[in-house]
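Novice: From first to last, the protein sequence lines are chains A and B.
The opening residue of the first sequence carries number 22 in the numbering used here; numbering runs sequentially from there.
The opening residue of the second sequence carries number 29 in the numbering used here; numbering runs sequentially from there.
No wet-lab data here; the hints were simulated from the structure.
Be a bit skeptical, because a hint or two may be false.
[Unchecked claim] List of simulated lysine-lysine pairs, BS3-like, C-alpha gap at most 30 Å: (1) K38(B) to K62(B); (2) K62(B) to K210(B); (3) K23(A) to K34(A); (4) K23(A) to K61(B); (5) K145(B) to K23(A); (6) K207(A) to K97(A); (7) K166(B) to K210(B); (8) K188(B) to K160(B); (9) K120(B) to K212(B); (10) K23(A) to K181(B); (11) K38(B) to K210(B); (12) K23(A) to K210(B).
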Amino acid sequence: MKHTLRNIFHSSKFVVGFAIFMFLLVMIIVYPLINPGSPLEQIGVGTFARPGTYVSLYDAVKTTPETLRIQDADEKRMANALTTEDKVAMLEWFSAVGVDVSGLEMDDSEGFLELWFANYDESAKPKGFTMAKRNYYKRLNRTVLDLQTGEALVVADPDNETGELVKIGEIKKTDYVNVGQVTNVKTLPLGTDNFGRDVLKELVGATKTSLGVGLVAGIVATALGLTMGLLSGYIGGIVDDLIMFVTNLFTVIPGFILLILISYSISPDLRGPTTVAAVIGFTSWPWTARSVRSQVISLRNRDHVNLSKLSGHSLLRIVVTDILPYIASYVVMAFILQVSSGILSEAQLSLLGLGPKTTVTPTLGLMMNWAMSYSAHINGTWWAYLPVILTITLISFSLNLMNTGLDQVFNPTLRD
Amino acid sequence: MSEDRIVPSKDFTNAPLCLSGRHVTKVFGFGDKKTIAVNDVSFDFHEGEFVSIVGESGSGKTTLSKILLGLLNHTEGEILFQGQPRDISTGKKRNAYWKGIQAIFQDPFSSYNSFHKIDSVLLDCINMRGGKNLPMEKKVEMMTEACSFVNLKFAELTNKYPFELSGGQMQRLMIARIFLLKPKILLADEPTSMVDACSRATILDMLLQLRDEIGMTIIFITHDIGLAYYISDTVYIMEHGKFVEYGKADEVILNPKAAYTKRLISDVPKIHEEWDLSTVELATE
Ligand SMILES: Nc1ncnc2c1ncn2[C@@H]1O[C@H](COP(=O)(O)OP(=O)(O)OP(=O)(O)O)[C@@H](O)[C@H]1O
Ligand SMILES: [Mg+2]
């Protein structure tokens with residue numbers, strides 16, 4: 022036993038898989054301690070806030086600033102304010118009024134501005150420029166002018182009695198506040214989703230639920246499959262025929278179709294994560310049963326089983342002590358695969374909208390479903406689905422890696 | 029060959045019956061894959077008789093022994109236990125039957141549960157003989173005695189797993205098991221296949237000793253007709269699932285009638301001739 026364990030932990034594949042899985046487990050245990058609260062809490066009013074650190078503007082204004090003269094600050098500000106779209110529009114204007122733009126780089130915002138101020142004339146009417154287009158350039162000019170002028174923004178507060186705005190301060194371009202001194206700063210490493218929920222927090226919660234779903238599905242499938250396989254293989258006869266008939270049915274009707282049909286027929290109110298997990302387990306036991314059966318059949322005629330019979334041992338005892346230990350490693354591997362496929366099944370079901378209906382906990386599949394229904398993949402809001410896909414991949418990758426590692430330890434012929 | 033023999037074979041035809049078969053047939057598979065492993069055999073084994081079943085590999089010896097043990101259902105025919113039709117239809121009846129009939133299986137390596145220490149094999153025997161509540165010292169004493177009966181030291185074997193034993197040690201431990209169980213009938217399927225010639229003689233002597241002490245019926249399965257002649261009272265010659273010849277060991281082997289028996293007997297010295305030839309060739313080279 023100890024020997025086997027040591028062998029298992031000498032298998033690099035198992036260790037890598039185990040490490041990844043442990044990392045995920047630690048994450049789902051530790052993260053909620055750092056960031057408590059419901060994973061479905063809506064913190065954003067808008068949808069799909071980008072990942073990053075959010076600083077409260079209100080608090081920032083109220084924080085005492087330092088004056089920092091940073092050389093390229095203006096440049097950056099301009100570059101940021103002047104979008105590529107603006108620059109393209111400017112180029113069009115320049116060519117219309119016949120300005121030589123050779124040597125002007127696209128990222129040279131200052132150069133653009135210089136040329137602009139030298140050549141823009143509000144009254145000019147270049148050929149082919151409609152009224153609307155000229156108005157667009159007027160607006161562009163105003164934005165550009167704003168960038169140039171105005172050393173400071175005025176902070177005003179309405180007077181309590183008269184309601185008149187009273188200047189209470191100024192924000193200069195050289196004013197900086199230390200993020201650490203701003204009272205409210207919120208980091209959203211993975212932004213928010215379509216409902217304005219913290220994606221990372223949601224992801225951790227979803228991973229937990231999905232692992233739970235996989236575990237329950239794996240336990241149900243393995244327990245059922247093991248029992249059926251043992252019965253069918255050891256007792257044989259009519260029991261075997263019956264069980265084989267059922268598993269053959271399952272082979273003819275693809276498990277996933279059956280899963281869809283069953284899930285569809287359960288009313289959404291009853292479709293919690295545990296129910297879905299049980300349904301997944303219930304539709305995936307046959308292959309465990311089949312393989313357990315074939316192992317048991319090859320074992321039941323072994324002489325140690327015969328000797329056990331001759332020693333007067335009961336059927337239960339023979340199954341438990343003379344058959345089970347020989348297939349235990351196999352059952353563990355089948356269990357791991359069942360957990361992995363359970364998680365994937367949940368994701369597939371949820372993607373189709375047949376997953377657990379829950380308002381308390383998200384699942385990985387539900388997150389995918391939400392991201393898809395709100396067109397995250399079209400909007401380019403990758404943070405709403407890419408981390409989910411990555412997590413699903415990591416889970417099944419780590420589980421399958423562990424399985425391969427175990428396989429190499431238990432069936433040494435596979436070792437390369 | 030007759031000089032090898034230590035005891036003249038006894039005639040058991042009038043001894044009380046202990047295990048008989050009538051037209052026993054076993055067919056494996058069906059259609060193209062059909063194998064008739066045991067083909068319509070009838071026999072009478074008597075109390076205290078040492079019977080050898082001799083046949084080539086694949087002749088159906090092991091299959092017949094599994095049928096006799098009640099571990100395999102026969103396709104046709106009838107097995108009689110002490111002259112009465114054998115009834116092993118329920119678990120209880122089977123367990124009662126197995127108190128009287130035990131076996132040493134052909135392959136010692138697959139006879140042990142590799143997850144259990146070998147002590148458990150012997151302890152099971154003591155429990156089966158009603159010694160469940162004996163103090164541990166008494167059990168150890170019994171196990172030590174059984175082991176020394178087969179020239180093994182219990183102290184060296186205790187707490188070991190089967191894979192830590194040699195094939196010969198495993199086979200001898202199986203005989204120690206029989207020593208503890210003292211069944212009325214023993215089916216020994218090539219019990220000496222893994223031991224050297226010297227230990228073989230010792231093991232056969234042990235079996236004979238058990239037979240003499242407790243009147244055990246021994247059904248000894250072997251492909252070695254010389255060995256069968258050396259040890260048994262009665263010999264059954266099996267070819268392709270059929271008994272082609274049987275009778276008192278002396279009569280069958282010194283005066284064989286079936287062609288198959290003659291071939292089996294002639295095969296024994298032939299091996300030596302070939303061996304001699306090859307050594308001669310080697311020497312001249
Ligand atoms: N479970 C089984 N299923 C199908 N065929 C079997 C089975 N067991 C044995 N047989 C076949 O029955 C025949 C007799 O086998 P058996 O094991 O009884 O031979 P044996 O005389 O004991 O041979 P050996 O000396 O090699 O042990 C063989 O042809 C074998 O292939
Ligand atoms: Mg055999």
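Novice: Could you run down the list of hints and mark each one as holding or not?
Specialist: Outcome of the hint check:
| no. | hint | result |
| --- | --- | --- |
| 1 | K38(B) to K62(B) | 39 Å, violated |
| 2 | K62(B) to K210(B) | 38 Å, violated |
| 3 | K23(A) to K34(A) | 19 Å, holds |
| 4 | K23(A) to K61(B) | 45 Å, violated |
| 5 | K145(B) to K23(A) | 15 Å, holds |
| 6 | K207(A) to K97(A) | 24 Å, holds |
| 7 | K166(B) to K210(B) | 18 Å, holds |
| 8 | K188(B) to K160(B) | 22 Å, holds |
| 9 | K120(B) to K212(B) | 18 Å, holds |
| 10 | K23(A) to K181(B) | 27 Å, holds |
| 11 | K38(B) to K210(B) | 22 Å, holds |
| 12 | K23(A) to K210(B) | 38 Å, violated |
Going down the numbered hints, you'll see the structure goes against 1, 2, 4 and 12, while the others check out.
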